[in-house]
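Trainee: Next come the chains, spelled out residue by residue.
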Amino acid sequence: MTSPNLTLAVVIPAYNEAAIIQHTLNHLTTHISPRHIYLVDDHSTDNTTRLARVYTKNILRRRKNHGKGAALNAAIAKWRLTQSYDLIMPLDADTIVTPTFFPAIIQRFTKDTHHHLACVSGQVRTRPDNWLTGYRAWEYEIGQSIHKTAQSYIKGIIVCPGCATVYRASVFRTLKFSTHSLAEDMDLTFAIHRHHLGQIAYEAKAIIITQDPKKLGDFLRQIDRWYTGLWQCIVKYNVPWEGQRLDLEVALMATEGLFSGLVLGLILLLAPYSFSLNPGLILFPLLIDIGLFLTPTIIYANLRQRQAPLVRYLLHFYFLRAVSSFVFIAAFFKVMVNKETTMKWFSPQRYYLGKM
Amino acid sequence: MAQPLYSFSNLSLILHLIVIGVVKLIHLVIRPIQSLARLARKN
Chain R
176 MTSPNLTLAV
186 VIPAYNEAAI
196 IQHTLNHLTT
206 HISPRHIYLV
216 DDHSTDNTTR
226 LARVYTKNIL
236 RRRKNHGKGA
246 ALNAAIAKWR
256 LTQSYDLIMP
266 LDADTIVTPT
276 FFPAIIQRFT
286 KDTHHHLACV
296 SGQVRTRPDN
306 WLTGYRAWEY
316 EIGQSIHKTA
326 QSYIKGIIVC
336 PGCATVYRAS
346 VFRTLKFSTH
356 SLAEDMDLTF
366 AIHRHHLGQI
376 AYEAKAIIIT
386 QDPKKLGDFL
396 RQIDRWYTGL
406 WQCIVKYNVP
416 WEGQRLDLEV
426 ALMATEGLFS
436 GLVLGLILLL
446 APYSFSLNPG
456 LILFPLLIDI
466 GLFLTPTIIY
476 ANLRQRQAPL
486 VRYLLHFYFL
496 RAVSSFVFIA
506 AFFKVMVNKE
516 TTMKWFSPQR
526 YYLGKM
Chain U
6 MAQPLYSFSN
16 LSLILHLIVI
26 GVVKLIHLVI
36 RPIQSLARLA
46 RKN
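First to last, the sequence lines map onto chains R and U.
All residue numbers for the first sequence refer to the numbering used here, where the first residue is 176 and numbers rise by one.
All residue numbers for the second sequence refer to the numbering used here, where the first residue is 6 and numbers rise by one.
In isolation and in its complexed conformation, chain R is listed as follows:
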């Protein structure tokens, strides 16, 4: 893609994405010329490459599966993208770019005449068509329109989503995607902060639509990967001891996540005893949490997204919040105690998104 002054390359790492790659490229080519689209097939065993070749000639097929970060690094190096483009956007194979995305992002970079920006991340949305994707829609809305907006104001954004962020090409002259992280996008965000490569901005008008797990097993594997990746980043970048705003944000979020999970576990363990002793001990904090935080934020997400009422999933959401907290604690022990550093691709089952 080219604006009057800026050129942009889109790099898609793909591993067994035959089910959706055509749909993604079909949408993408309506916004950007195929000659600026680069696809890395990370040794897929299906016909991802053959299907993608219809849309772009820039395809790199890897002889071995090395993971997403390595695939992105290989593409940037092979086509020398840092030399031929101003901006580089990694895009997940399951992501649909809406018409507002590129104009909003390009405008943000165009205004940045002094090159203060290292990257601009857009807004990620999902289609809430069951209780799991409904929960994710709520998480995305709160995570972005409240937490990330505030983090953007105080220059402490924790994660630029791998599927919705455009980087200045110069970032990749200094940094590469981590090949040993389970959350390579979060790893890169932390690295940008640590190397002082520039500001990280959030642009709510730049919207992309991604696919999220529709099965509980896929959901659990995904959050396990995310939270394990987060703890890996915390260890790798010595959070919270470097005195940046990132440290403050991550420390707050991680402490609260651990604390909430432990308190919830304790409440559940002691529930039979304390309920017989004084039901108010359990019910009062529960009602405060549901009435003051969960329900209003669900209504807020619903109003913002104008989609089917998410409030009908209230009890499901409470269950998923509890499960998420326990996975968060388990990931903490995996990284901090067991020092686990395994890295593997994880793709939940893909679904055809239909007409957008």
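Since the hints were made in silico from the structure, they are not lab data.
The beta carbon of each residue, even a glycine, is placed where N, CA and C say it ideally should be.
Check before you lean on any hint, since a few could be wrong.
[Said to hold, decoys possible] To give a feel for the contact side, a few chain R residues facing chain U, derived at Cβ under 8 Å:
#1 I317
#2 I321
#3 Y328
#4 I333
#5 F347
#6 L350
#7 Y402
#8 M428
#9 G432
#10 S435
#11 R496
#12 S499
#13 S500
Guided by the hints, dock chain U onto chain R, whose structure is given.
Mentor: Just chain U, lined up with the frame of chain R:
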């Protein structure tokens, strides 16, 4: 994308809402007042 755990972050939610509120307040109230003051000084 890797999403941090925010589903139980009630304290973060309050703090971030305060940050947003303060920034919006600056935009909505203080900046117009500053512009008016600048205009008044010119005149």
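Trainee: Hint by hint, say whether it matches the structure.
Mentor: A quick look at each hint next to the structure:
| no. | hint | result |
| --- | --- | --- |
| 1 | I317 | 6 Å, holds |
| 2 | I321 | 5 Å, holds |
| 3 | Y328 | 5 Å, holds |
| 4 | I333 | 5 Å, holds |
| 5 | F347 | 19 Å, violated |
| 6 | L350 | 17 Å, violated |
| 7 | Y402 | 6 Å, holds |
| 8 | M428 | 5 Å, holds |
| 9 | G432 | 4 Å, holds |
| 10 | S435 | 4 Å, holds |
| 11 | R496 | 4 Å, holds |
| 12 | S499 | 5 Å, holds |
| 13 | S500 | 6 Å, holds |
The structure does not agree with the numbered hints 5 and 6 stated previously, though it agrees with the rest.
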